[in-house]
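2 protein chains.
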Amino acid sequence: MILSHILPPFMGGIAALMAPIPCLATIVAEDSPIILSGVLLTLVVIYLSSKFGAEAARRLDFPPVLGELVAGVIVGVSALHLVIFPEGGLSASDSVIMTVLQGLNQLTPDALTRIFESQSEVISVLAEIGVIILLFEIGLESDLRQLKEVGIQATVVACVGVAAPFAAGTAGLMLLFHVAAIPAIFAGAALTATSIGITSKVLAELGQLKSKEGQIIVGAAVIDDVLGIIVLAVVASLAKTGEIDVANVIYLIVSATAFLIGAILLGGVFNKSFVAIVDQLKTRGNIVIPAFIFAFFMAFLGNAIHLEAILGAFAAGLVLDETDARNELDELIKPIADLLVPIFFVTVGARADLSVLNPTVPENRAGLLIAVFLMGVAIAGKLVTGWVVFGLPGINRAAIGVGMIPRGEVGLVFAGIGSASGILDKPLEVSIIIMVILTTFLAPPFLRVAFGSSTEPIPEPIAPVKAASE
Amino acid sequence: MILSHILPPFMGGIAALMAPIPCLATIVAEDSPIILSGVLLTLVVIYLSSKFGAEAARRLDFPPVLGELVAGVIVGVSALHLVIFPEGGLSASDSVIMTVLQGLNQLTPDALTRIFESQSEVISVLAEIGVIILLFEIGLESDLRQLKEVGIQATVVACVGVAAPFAAGTAGLMLLFHVAAIPAIFAGAALTATSIGITSKVLAELGQLKSKEGQIIVGAAVIDDVLGIIVLAVVASLAKTGEIDVANVIYLIVSATAFLIGAILLGGVFNKSFVAIVDQLKTRGNIVIPAFIFAFFMAFLGNAIHLEAILGAFAAGLVLDETDARNELDELIKPIADLLVPIFFVTVGARADLSVLNPTVPENRAGLLIAVFLMGVAIAGKLVTGWVVFGLPGINRAAIGVGMIPRGEVGLVFAGIGSASGILDKPLEVSIIIMVILTTFLAPPFLRVAFGSSTEPIPEPIAPVKAASE
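Protein chains in written order, with our numbering: chain A, 1 to 470; chain B, 1 to 470.
It should be emphasised that the hints constitute simulated quantities derived from the structure, not laboratory data.
Incorrect hints may appear among the rest.
Which copy? The list can't say, so a pair holds if one copy fits it or any two copies do.
Unchecked claim - Here are the simulated EDC-like cross-link-like pairs (lysine to aspartate or glutamate), alpha carbons at most 20 Å apart as the crow flies:
id: 1; residue 1: Lys272; residue 2: Glu322
id: 2; residue 1: Lys282; residue 2: Asp61
id: 3; residue 1: Lys282; residue 2: Glu322
id: 4; residue 1: Lys282; residue 2: Glu55
id: 5; residue 1: Lys272; residue 2: Glu141
Looking at chain A on its own, in the form it has when it is part of the complex:
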C-alpha cells in the first residue's frame, strides 16, 4: 500500500479525502499534503522554466545560466507570479500556484497564508541547498594547487575590486549627487561584492573554470566574500552607532581567514581518512553520503560561526578534490547538482522585481539617474582589476575584470538592510537594486565576449554520463 506519508503530516491527506467529514486532524497536520502539492507544483514550474530558459539561451549563443535567470524573472514577481515569495507586501492571493491550490482544496484565507509561507520556506531552503551544492561542485572542480599559484594575484584583484568601486561610488555620490556621507558610504559598500555563483557557473559553461583567468576570478571572489562580509559589518556598524566596533571587525577577519586556511590544512589529513572510510562502505551511497556529510557539516559550520554556508561547502569541495575518489564523486554529484542548482538561479530571477526599472513611474526617475552612475562605477571599478594582475604576460585582463562584475544577490542584502534601517532613501535603494540586476544580467554575455577573443567555448558535458577515466 502506497499511502506512505508519515504521521502526522499525512493525516491531513486522509482528512482532505473525506470531504463530507469535518477535519479530524489538527490544523497544522491538515496543511501538510497541500504544502507538498505546492512544493511539487513550484518545482515543476521552476524546472520547466529553467529548461526553456537554458535551451533558448544556448540557441541564442548565450550562457544557459542567463536563460535560467531570465526564465526566473518571467515566472516570478515581475511577470507571471507563478513563483513568488511572501516579501515586499506579496500575499498568497498574488500567487498563481496558491490560487490553483485554493481552487483544488477550498482553503480558508488563514490556511492559505500558512501554506504559502511554509511552501516558500521549503523552496527557499531548497534554493539555499542548491547554491551550497553549486559551490561544493565548484570547489570539487577547482584545483587547490592551481588556486595557490594564483593566490597573490587573486588577493590583489579582490582588494582592488573592493576598494575601487567603494571609493569611487562614495565620492561620486557625495560630490555629484550631494548625498550625505553615511548613505553614500553605504551605497559605495553595496558596490563591492562579486557574485561567485553566477560568474563561476558561466565560467564552467565556457570551459574556463580551470584556466588561469578562471582560477584568479574564483579565488578573488572567495577573498572578496571575506572582505565583503567585513565591509558590510563595518559599514552597518558605522551607520548605526557612528563608530566602528573594532572587536567585531577583528573577529570577522580572523574567523573567516582561519576557517578557509584551517579547512585547507586539515584537508590534507582528512583526505586519507575519507578514502579509507569510503573503501569500507558496502551499501548504496557509499561515496555520495560521506561526501555530503562533510559538505553539509562544513556548510553548517560556516553558517554557525556567522560566515556563510556556501563558504563551508566550497572549502569542503576544495578538500575532497584532493582525494582519489574525486573522479567518481564528480560524476555522482552532477545529477544532484542538475536537480538542485536550477532552483537557486530561477528563484534569484523570480525575486528580482523589474518594475523598479520602469521610467514612466515618476518616483523611479531619481533612482534611474543615480543608477546610471552606480552602474558605471560598478563596471569600471571591477574592470580595472584585470590590469592590476602582474607577472603573467598574455593573461586575458578584460576577462578577469568582466568576471568580477556581477553583484548578484549580495547587493540586494545591502539594499535590504539599508532600507530597513532607514539609512537609504527610496531613490538610492532602487538604484542599488537596478545596479545589482543589470550587472547580474550583463556579466554573462560580457564574459563570453571577453573569453571569445582568446578561446573557443568548450561544449559543456551533457548526459549520458560516462564513467570518468583517470
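Dock chain B against the given chain A, drawing on the hints supplied.
Using the frame of chain A, we list chain B on its own:
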C-alpha cells in the same frame, strides 16, 4: 563574493553577525539562516545514522534498510532526541539540535519554536520527496509487461490480503476482547495496509524486485494502496456518521483506478515524445530535469485528486521505464535517490515512539495483550495470501506472504485518526502502533529468510557508477 543567500532570508545572517547592533531585518527574515543551520545539522545526523545503520545491518547480514530504520529510532524520539518533530507534545526544548542552535545564537523561546517548526516542515517535505523518488525509482525498475503478466495474481493477493486481516481482526476483537463494533472495525481496517516503501526497498536489496514473486508483491501493494484508501474512507465515514457515503466511495474507486490505468495507457504515447524532447536538449540536466518534471507533476496530480503523491511517482516511473532513455536515467537517478531516500527511512524510525512498548508502565499492558493478538492476525492474515496464488508452480509462496506483512506508516494513520476522533481508546491505539512497529521491523529479516531458501542474495550495485551498456 560568496554571500549568496537570497533576499530577504539572508538578511538575518547579516543581522546575526552584527552582534552589537539590534536586528535591522524583520523577525521572519532573521530566522532563515538559523533554519538553514538546523536543516543542515539534521541532514548530517540523518546521513551519519543512516550509514552507520545500513553498514551495521549489512555486516550482521540484515537488509540495510532495516539498519536505517533502527538508526532512525536511535536518533529519534525514542532515544537520542536528535531528530524529532513538533508532535505528541514535543517542543523545541526537547530537541538536541535546537538546543545546539540556541547555544550558538541566543534565541528567544518564541524564535526557537518558529525555527523548530520551520525546520521540521522542511525535513518532512524532504522525506516526502525522498519517498516520491523511491517510488519513482521502483517504477523505473518495475517491468510493466511483467507486472501486467502477474496482474491477476497481484489483484487476488491484494484482495485476500485486505479481506483476511480485516475480517479476522474485527471478529477477534469483538468476540475475544469484547470491543464495540465501530472501534473493532476501525482497528481491523488498520490491519489491511501493506507498506510498499519498506518491502520494495528490501526486495531491491535482495535483488528480487524483478522476480515473479517481487512483481506480484509490488503489484499487490499498489492495488492494496488503492483498496486501503477506500477502506480508510469508508471506515472513517462509518465511524463518523454511522452510515457510508456511497458517492465518496465511488469517487475514490473510480479516480484511483482511472489514474493508474490512464497513466499507463497515456504512457505509450508519452514515451516517444519524452525521448524526442530529451534528444533536443543540449544543456546540463537534459535527461534528469524532464524526467523529474514528469515525476513531480504526476506526484502533484496524485496528491491533487486526493490519492497519494507516491502513487503518481510510481506511475511516472512505470511509464518512463518503457523509454529508450531508461538505462541512462537508471544511472542518473541513483545518486539522487541515495541522497534523498535515507531521509525518509530515518525519519520514519525517528517518529516511532518505542516507549509504548514498555511493559513496566501499567497503562501499556492492556494494549500489549491486544497487540499480541493483532500481531498474530497481521502476520497470519498476510501470510495466507501466498497460498491463493494459482497456476504458478514452484512460486515461493512464503516470500509473497511475508512480503505483504509490513504495515509501515499507514497503520499509524489509522491510529492517529482513530485517536483524534475518539473512536479508539488508548489501549487499542497503542496496540495498533505496536503492531505497525513490529511488522515493519520484522518483515525485512523474514523476507530475507523466505527468499534465502530459494535464491542467493544478489549484491546490490554500489558506486562507482559505470555507464550503462545497452
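Check: Is it within, between, both, or neither for Lys272 and Glu141, if the alpha carbons may be no more than 20 Å apart?
Finding: within (19 Å within a copy, 36 Å between copies)
Check: Between the shortest in-copy and the shortest cross-copy C-alpha distance, which are at most 20 Å for Lys282 and Glu322: within, between, both, or neither?
Finding: This pair counts as neither: shortest intra-copy Cα distance 23 Å, inter-copy 30 Å.
Next item on the list: State whether the alpha carbon distance between Lys282 and Glu55 is at most 20 Å within one copy, between copies, both, or neither.
Entry: between (39 Å within a copy, 7 Å between copies)
Next item on the list: Up to 20 Å between alpha-carbons, please classify Lys272 paired with Glu322: within, between, both or neither.
Entry: within (9 Å within a copy, 43 Å between copies)
Note to self: When Cα atoms must be at most 20 Å apart, do Lys282 and Asp61 count as within-copy, between-copy, both, or neither?
What the structure shows: between (44 Å within a copy, 12 Å between copies)
Of the numbered hints listed earlier, the single one contradicted by the structure is hint 3.
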